[in-house]
Structure formats: C-alpha cells, structure tokens
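Engineer: The lines below spell out each chain.
There are 2 protein chains.
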Amino acid sequence: MNALMAPRLVPFHSATARFQSGADTPRAFLEACIERITTLEPQIGAFVTLALDAARAAADESTQRYAAGKPLSAIDGMPVGIKDIIETSDMPTKMGSPIFETYQSWFDSASVSALREAGAVVVGKTVTTEFAATQPRGTRNPWDLERTPGGSSSGSAAGVGSGMISAGLGTQVVGSIIRPAAFCGVIGFKPSYGALNRGGSLDLLSQSCTGVLAASLGDAWLTAMAIALRVGGDPGHAPLAGPAAPPAAVKPKSVALLQTDGWEIATETAKAELMRAAEALRAAGITVITRADNADLEALERALPDAEPTTRLINAWEWRWPLNVFSRRDHAGLSQSVQERMVFMASLTAADYVKALQRREEIRALHARLLASADLTISITAPGAAPLGLGSTGNPIFVVPGSLLGVPVVTLPKLRDEGLPLGLQLIGYRGRDAELFGFAASINDIVPATV
Amino acid sequence: MNALMAPRLVPFHSATARFQSGADTPRAFLEACIERITTLEPQIGAFVTLALDAARAAADESTQRYAAGKPLSAIDGMPVGIKDIIETSDMPTKMGSPIFETYQSWFDSASVSALREAGAVVVGKTVTTEFAATQPRGTRNPWDLERTPGGSSSGSAAGVGSGMISAGLGTQVVGSIIRPAAFCGVIGFKPSYGALNRGGSLDLLSQSCTGVLAASLGDAWLTAMAIALRVGGDPGHAPLAGPAAPPAAVKPKSVALLQTDGWEIATETAKAELMRAAEALRAAGITVITRADNADLEALERALPDAEPTTRLINAWEWRWPLNVFSRRDHAGLSQSVQERMVFMASLTAADYVKALQRREEIRALHARLLASADLTISITAPGAAPLGLGSTGNPIFVVPGSLLGVPVVTLPKLRDEGLPLGLQLIGYRGRDAELFGFAASINDIVPATV
Chain P
77 MNALMAPRLV
87 PFHSATARFQ
97 SGADTPRAFL
107 EACIERITTL
117 EPQIGAFVTL
127 ALDAARAAAD
137 ESTQRYAAGK
147 PLSAIDGMPV
157 GIKDIIETSD
167 MPTKMGSPIF
177 ETYQSWFDSA
187 SVSALREAGA
197 VVVGKTVTTE
207 FAATQPRGTR
217 NPWDLERTPG
227 GSSSGSAAGV
237 GSGMISAGLG
247 TQVVGSIIRP
257 AAFCGVIGFK
267 PSYGALNRGG
277 SLDLLSQSCT
287 GVLAASLGDA
297 WLTAMAIALR
307 VGGDPGHAPL
317 AGPAAPPAAV
327 KPKSVALLQT
337 DGWEIATETA
347 KAELMRAAEA
357 LRAAGITVIT
367 RADNADLEAL
377 ERALPDAEPT
387 TRLINAWEWR
397 WPLNVFSRRD
407 HAGLSQSVQE
417 RMVFMASLTA
427 ADYVKALQRR
437 EEIRALHARL
447 LASADLTISI
457 TAPGAAPLGL
467 GSTGNPIFVV
477 PGSLLGVPVV
487 TLPKLRDEGL
497 PLGLQLIGYR
507 GRDAELFGFA
517 ASINDIVPAT
527 V
Chain Z
77 MNALMAPRLV
87 PFHSATARFQ
97 SGADTPRAFL
107 EACIERITTL
117 EPQIGAFVTL
127 ALDAARAAAD
137 ESTQRYAAGK
147 PLSAIDGMPV
157 GIKDIIETSD
167 MPTKMGSPIF
177 ETYQSWFDSA
187 SVSALREAGA
197 VVVGKTVTTE
207 FAATQPRGTR
217 NPWDLERTPG
227 GSSSGSAAGV
237 GSGMISAGLG
247 TQVVGSIIRP
257 AAFCGVIGFK
267 PSYGALNRGG
277 SLDLLSQSCT
287 GVLAASLGDA
297 WLTAMAIALR
307 VGGDPGHAPL
317 AGPAAPPAAV
327 KPKSVALLQT
337 DGWEIATETA
347 KAELMRAAEA
357 LRAAGITVIT
367 RADNADLEAL
377 ERALPDAEPT
387 TRLINAWEWR
397 WPLNVFSRRD
407 HAGLSQSVQE
417 RMVFMASLTA
427 ADYVKALQRR
437 EEIRALHARL
447 LASADLTISI
457 TAPGAAPLGL
467 GSTGNPIFVV
477 PGSLLGVPVV
487 TLPKLRDEGL
497 PLGLQLIGYR
507 GRDAELFGFA
517 ASINDIVPAT
527 V
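Sequence lines, in order, name chains P and Z. With our numbering applied, the first sequence corresponds to residues 77 to 527, in that order. With our numbering applied, the second sequence corresponds to residues 77 to 527, in that order.
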C-alpha cells in the first residue's frame with residue numbers, strides 16, 4: 077500500500093468567505109492545487125489534458141471579480157476537472173479511445189459552458205474509461221496506487237480524492253460516478269435522470285446522467301446547481317431544482333436498508349460498516365427498515381437482480397449506432413470489451429429492447445412504492461474496497477440499481493474496508509434531489525466516519 | 077407562375093420489381109434523377125452539397141446486388157437526400173448557418189448510417205433553414221419558383237417534389253416536415269416522438285423528430301422502417317414498429333375534422349378543399365366528427381391556440397445552450413431571427429419551462445381522449461398555398477399541433493389552393509404510426525386529388 081494513503085481534499089465552498097474578505101484568492105487556491113498536481117499527477121494519472129495556463133488566467137479573472145465584490149456565482153474560482161467524454165472548445169475530447177485521439181469539438185458542452193459562465197476554473201480533462209464504459213485507461217487510486225480508482229469517471233474521482241481539484245464532472249449509466257467517488261473517498265452525486273443537460277457529451281443512453289464528484293456535499297450541490305441554472309436539464313425534463321445554497325440538514329424519519337444481490341459477495345467488513353451506519357441512524361431516532369420487515373422493500377430486493385442485465389441490454393441496444401460508426405472508422409481502435417459488446421448488441425431485436433424498457437419501468441414502480449415507508453434508501457457502494465490492479469473498475473452490483481431507477485444518488489465517504497474508503501450510498505426519489513441533499517447533510521452529521 | 081408547374085415525382089418502391097427482373101437498374105434510376113438535377117437544380121436550389129460520384133458508385137453496387145438477387149433492403153438503390161442538419165462522414169454539415177460553413181463531422185448520424193446500411197444512394201445534403209428554424213436559405217418551390225417550398229426541410233421537399241430524389245430526410249419540431257411536404261406536393265411523415273433515432277442530428281429539442289419526405293406513401297414507410305430496424309429510436313423510446321412492407325389500406329371508422337385557430341385565416345378554397353375531402357370520406361361510409369358535435373374535440377380545439385406559444389417557449393429554453401455557444405463563437409454569424417430568439421430565451425426561467433411542459437402534457441391528454449371518438453384527425457396543413465416570396469417558410473398554425481402532441485402525422489398531396497399543392501394532414505396517436513399509415517393508404521384511395 078502506497079504512502080498517498082488518506083489524501084487531503086480541497087473543499088471550495090468553505091473558502092469563498094476568505095476570497096470575499098481578501099484573506100485568500102482563487103489564484104492562490106489554484107496554485108495549491110497545481111502544487112499537488114505537480115507532485116501527485118505523475119503517479120496518479122487523473123488527467124488526459126491539463127490547461128494550467130488557461131486555468132491561471134481564469135483564476136486571475138476570478139480573483140479580480142472577488143476583489144470587486146462581484147463573483148459570478150458561489151463556485152466562481154472553483155478548480156474543476158471535466159470528464160473527457162464531455163466536449164470542450166479549447167481542449168481535445170478523447171473519449172478514452174484512440175479513435176478520438178485528435179478529436180477537437182468546436183463548442184463547449186452544456187455543462188462546461190455553464191461552469192465557465194459561473195466562473196469555475198477548468199483545470200483540465202480527466203481520464204475516462206473508453207466511451208465511459210468498462211475499459212480503464214490507467215488512472216490510479218490516490219489511496220493506494222496499486223488499486224483502481226473505479227470508473228468510468230476515474231480521473232475526476234482520483235483528482236478530487238487527491239486534492240488536485242475541488243470538483244470534477246462525471247457521468248453515470250451503471251455506476252460511473254458513485255463507484256469511483258466511493259473508492260476515492262469523495263462525495264459523488266448522480267442527479268435524477270434528465271436533471272442536468274447532457275448536451276455535447278458522449279453520454280447518449282436512456283439512463284445516463286451528468287453529475288458531480290466533489291470534496292464536500294456543498295461543493296457537489298453548488299456545482300450541479302450552477303449547471304442547472306444556466307443550461308437546464310435534458311430537453312423535455314425539469315432541471316435540477318432547489319435552493320441556491322446547499323440544502324440544510326433535514327433528519328429523515330425512516331431509512332430503508334438495501335442489500336441487493338451483492339450482499340452475498342460483500343466482505344464482512346463492508347457489511348459490518350453498513351450495519352454500523354444503520355445503528356448510528358437508529359441511535360439518532362431514525363427508523364431503519366429492512367427486507368425482513370417491509371413487504372415493499374422485499375419486493376424491490378427480489379426485483380433488483382434484474383437491474384444489471386436489464387441495464388446491460390438497454391445500453392447495448394442504445395450503443396448500436398455510435399459503436400457501428402466508430403467501428404466503421406477504425407474497428408481495431410476499439411477495445412476487446414467494446415468489440416464483445418458489439419457482438420451482443422448485434423444479437424438484440426427492438427422487441428428485446430422494448431421488453432427491457434418495460435422491465436425497467438416495473439422496477440421503478442416497485443421502488444416508487446417505498447416512498448410510503450422510507451425517506452431514502454441506504455446501501456454500500458461496492459462489495460468491498462477498490463480491487464487491486466488497474467484492469468477492472470470494480471463490481472457495479474450495488475450502484476446499478478440507482479442508475480436503473482433514474483433517481484438521485486449521493487455517496488458519502490463514511491465507511492471503510494481494508495482501511496480504504498467505501499461509500500455510504502443514499503438513494504432518493506425521482507425529482508427530489510434537493511430533499512436527498514438535506515437528508516445527506518443530516519446523515520453526514522449523524523454517522524461517524526471510520527478513520 | 078413558372079413553367080415547372082406540376083412537376084414529376086419519382087416513386088421508388090414501385091420500381092424495385094423491375095430491378096429484380098433486370099428490366100431496370102438502380103444506376104439507370106439514379107441517372108434519370110441526375111438528369112433532372114442537372115436541369116432543375118440551378119433554378120430550385122434544393123441541395124447544399126451534391127455527391128454525384130459517390131452516388132453513382134453506390135448505385136452501381138446496388139445494381140450488382142439486385143443482379144445477384146441480394147438487395148440489402150426494400151430501399152436498396154433508392155436515391156435520397158439528407159437534410160443538412162443531419163451529420164454525414166463524407167460531406168460537410170452546414171446547418172444552414174455560416175458558422176458551420178466548414179463543419180465536417182467524423183461520423184454518419186444514426187439515420188444516415190442506417191440508410192447506407194440499407195443500400196440507399198445518398199445523392200447529397202439538402203437545404204435547411206438556419207438550424208432548422210425560421211431563416212430560409214433560398215430554395216424555391218418547384219411548383220412556382222417565386223414561392224417558398226416551406227421549411228425547415230426545404231431542400232428535401234423541393235428535391236422530392238421535383239423528382240430529383242425519391243425521398244429526403246427531414247426533421248420537425250414545429251412544422252418542418254409536414255409544411256414543406258405539403259407545399260411541394262409530396263408525402264410527408266413525421267413519426268411519433270422518439271420513434272426514429274436522432275443521434276448525430278442538430279435536432280435536440282423535446283418534440284423534434286427525424287422523418288421522411290417521399291414520392292409515395294410506400295417510400296415514406298420503407299425509408300422510416302429502414303432506419304428504425306437498424307438504429308432504433310431515440311434512447312429510451314420504442315422504435316417505429318410495424319410491418320416490413322408498407323401497411324395495407326384500412327378504412328377508418330371515424331375521423332375528426334380539426335379546424336384549429338388557423339381556420340379564421342384560411343382561404344375559402346383551402347377550407348372548401350378540406351370539406352371536399354371530408355365529404356368523400358363520408359360518402360365512403362366514414363363518420364366525420366366536428367367540434368360542433370363532439371365535446372372532446374371541442375375541448376381540444378379550445379386548447380390548441382396554446383400549441384404555438386407553448387412550443388415556442390419550450391424550444392427557446394432548449395436552445396439556450398446551443399445558441400449561447402454558437403453565439404460565443406460567432407455572434408454576427410447568427411441571423412436576426414436567431415438573435416431575437418436569444419433575447420426571448422434569456423428572459424425565461426426554469427419555472428416558465430416546467431409550466432410549458434405541463435401545459436403540453438395537458439394538451440396531449442386532451443388529444444388522447446379523442447381516441448374514443450375518432451381513429452384519426454384530419455386538417456389542412458396551411459391557411460393556403462405556399463406564400464409568394466422566399467423570405468418566410470409560411471404560417472405553422474395548422475402543423476404545430478401535431479408536433480406538440482408528439483404523435484405521428486402524414487400529409488397527402490390531395491388538396492389545392494391557387495392551383496398549387498396543399499396537404500391533407502392526417503394526425504394519429506402516439507406509437508400507432510403503422511395504424512396511421514393503414515388509414516392513410518385508405519384515405520389516399522378514397523379522396524380524389526384536385527388537379
């Protein structure tokens with residue numbers, strides 16, 4: 077295990093008062109991040125492209141705005157990383173694929189456009205697995221360089237987890253925000269489906285979301301709201317809604333403890349850690365329900381083994397067009413895993429797809445019924461700590477349900493396995509993202525972190 | 077009025093038997109189209125880019141496949157045009173905007189990828205208004221060169237209407253398929269929302285659809301199905317479904333005659349033409365209901381004045397991100413009408429948008445209730461013939477309801493005003509596109525065309 081153990085985070089929101097008073101500046105904040113990039117990035121590999129000159133110029137402009145008393149937003153000056161499937165006008169977007177090695181889009185994606193309008197300082201493009209799918213691209217976990225940081229938002233997770241940036245954009249269709257956030261000990265936020273505009277991101281699937289990995293709950297909320305306020309949600313969807321400031325803590329009345337079929341393969345420590353969190357909630361007067369004592373939760377648990385195969389089928393069908401045209405351009409440029417996915421997708425019919433969409437709706441309906449019994453659902457984020465090796469980003473069995481359901485999900489870095497971070501996953505209800513943040517703030521106060 | 081009056085169409089489906097027998101070939105079919113392009117295109121201006129060498133090569137390959145008894149699909153060899161907001165790997169996609177004058181995408185859009193897989197012969201990119209919105213780009217109506225062909229799918233309509241291609245891809249968010257198809261005397265088909273994959277098209281709005289303008293009902297159906305079978309619908313949506321061959325005629329039991337608030341400004345001839353069509357349906361034993369005798373239809377009619385402002389608000393909000401980044405690249409490259417739209421969109425809040433989405437759902441629910449009374453709804457497509465001049469693509473008052481409702485719409489070139497084509501618009505129910513084609517085939521037989 078490597079000496080980077082327990083790396084430092086750089087929460088931003090708590091620093092802005094010092095920018096306003098003149099005690100600190102966004103440029104100085106950025107320079108501290110750049111110092112960590114200089115030291116750590118050669119070992120971690122969180123970035124595909126760095127734009128430090130442009131970041132310094134942006135931080136100087138932000139510094140001037142604070143000096144003039146006119147910051148553009150609550151994240152003016154925040155150093156951020158952009159997952160490299162999200163297009164930027166001033167840097168290539170390589171999609172984690174050699175096919176896109178020289179791809180330079182003309183325009184900023186919706187999320188990047190919004191972040192720049194809000195004054196955020198774009199430090200660079202962060203490593204993604206190939207097309208945000210399964211093939212890793214070498215990023216290491218800042219807690220242990222021999223381990224995966226998780227994926228597909230690998231670079232944003234490792235960058236935030238090692239204090240190189242305060243927040244990074246991620247995307248999730250299976251577990252690509254929550255899993256790496258958990259493995260790297262940071263906050264992860266996957267919003268309700270459609271709540272943040274995905275325009276200009278290779279993020280085309282029907283349960284994919286743009287979201288945020290951040291050093292604090294407040295940073296995650298403010299970054300997401302900065303996007304929603306400027307570019308809205310996906311066309312046809314209500315944008316993320318809620319207060320401009322991070323939602324205040326609201327103690328939930330009841331919490332459902334979700335096992336999923338991953339429970340059988342989870343480590344004893346991981347399971348004990350979740351039970352420890354549940355005990356802390358009970359001790360705070362919150363009702364914790366389990367599948368043993370709630371029929372709706374039991375029905376959901378019995379359906380969840382379908383979450384992964386249903387998601388896999390839906391994703392494969394929806395990848396038909398892009399993968400076929402990528403393959404026509406350069407088949408050898410696709411990884412073995414993508415080539416295998418193409419065989420699977422070619423075997424599917426529209427009827428298979430429509431049936432999978434229906435199954436997804438059934439499972440969503442089962443989950444929606446839980447609202448009568450539980451304010452939110454909690455679980456672990458993975459069967460255990462980040463696996464050793466960089467060949468796999470880990471098992472998605474605990475994170476795919478939140479993706480399939482299209483609901484908001486937050487992970488808190490509260491649990492540990494093998495001395496490494498394991499997230500406490502909080503699953504809310506569709507469109508009630510702000511409410512989930514209020515509960516998350518409360519649970520963040522109630523559950524002590526294992527150190 | 078110009079001598080091109082009553083131009084010839086080139087239906088494709090009826091020709092394939094002769095390809096199979098060897099009596100004709102796709103290459104010869106294409107050459108006849110190219111002859112018309114040579115003669116007519118300098119006057120009409122349907123194309124932004126022509127790819128005649130590539131088209132000839134593709135037609136030769138198709139010819140060989142028919143000779144070998146192995147056509148790839150029912151549209152193998154069909155000469156098609158691609159609206160120039162739909163990306164192509166071998167031609168620029170200029171989006172009707174000087175900002176995109178040199179834009180060359182790396183990949184074929186979903187629809188183009190599917191058409192090529194099906195063996196269609198891509199003749200070129202057809203003129204679109206700027207970003208498929210309102211600013212025309214000079215295409216002339218083949219029936220009268222002094223008149224607009226309608227928009228925004230101007231070039232596909234004029235190209236099909238003058239026999240340069242058998243079918244053209246279009247897109248519609250307000251009236252951009254049905255209106256130009258009607259003004260140019262061709263079949264227009266806007267499918268149910270989501271039924272054809274829009275991937276790779278600047279077609280990002282929540283009621284926008286890819287669709288087809290074609291020389292015959294069969295050509296429209298086969299082209300759309302060729303897309304649906306290969307690349308499906310939009311992510312999360314059931315693809316267009318139905319028989320591989322064009323649906324057989326099915327006589328509807330009852331038809332709702334829709335006036336909309338455009339009725340007051342429609343010409344006497346246009347109204348009389350719709351009444352003539354209604355009489356023909358009645359004479360064939362079909363019940364025709366009107367707002368005077370059906371409360372559900374009256375309720376829908378009373379709501380429809382909201383269709384245009386609701387659509388305009390939704391579109392403006394959804395254009396925020398793309399127009400802002402286009403403007404940052406080259407504000408002067410945007411037309412006056414787009415610059416005005418930007419002022420409107422900047423005035424909108426998320427709450428305005430969510431309210432407009434709700435209003436859209438209310439109107440959709442009112443329409444869905446009509447299913448109990450009417451198999452489909454009919455109306456005129458415009459207040460009258462294509463307006464004189466090329467400065468406007470015409471009034472959308474009769475076509476915006478079908479767009480807002482997200483339902484399948486077909487226009488048949490059955491009516492006339494000022495001796496020019498005016499479409500008979502058939503509006504179906506969401507997801508029941510094949511059923512609408514069956515009714516359309518029957519109505520096409522029942523209602524005589526005015527010549």
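Everything labelled a hint here was simulated from the structure, so no lab data went into it. Since the model is a prediction, treat every value here as computed from it, not as a measurement. Certain hints may be false.
Remember, identical chains collapse to one label, so a pair may be satisfied in a single copy or spanning two.
[Claimed, not checked] Calculated pairs, DSBU-like style, for lysine-lysine (alpha carbon to alpha carbon, straight line, at most 35 Å): (1) K347 to K146; (2) K329 to K146; (3) K347 to K329; (4) K327 to K347.
Engineer: Does each hint fit the structure? Answer for all of them.
Structural biologist: Hints versus structure:
| no. | hint | verdict |
| --- | --- | --- |
| 1 | K347 to K146 | neither (48 Å within a copy, 59 Å between copies) |
| 2 | K329 to K146 | neither (40 Å within a copy, 66 Å between copies) |
| 3 | K347 to K329 | within (23 Å within a copy, 63 Å between copies) |
| 4 | K327 to K347 | within (23 Å within a copy, 64 Å between copies) |
Going through the hint list in order, the structure does not satisfy hints 1, 2.
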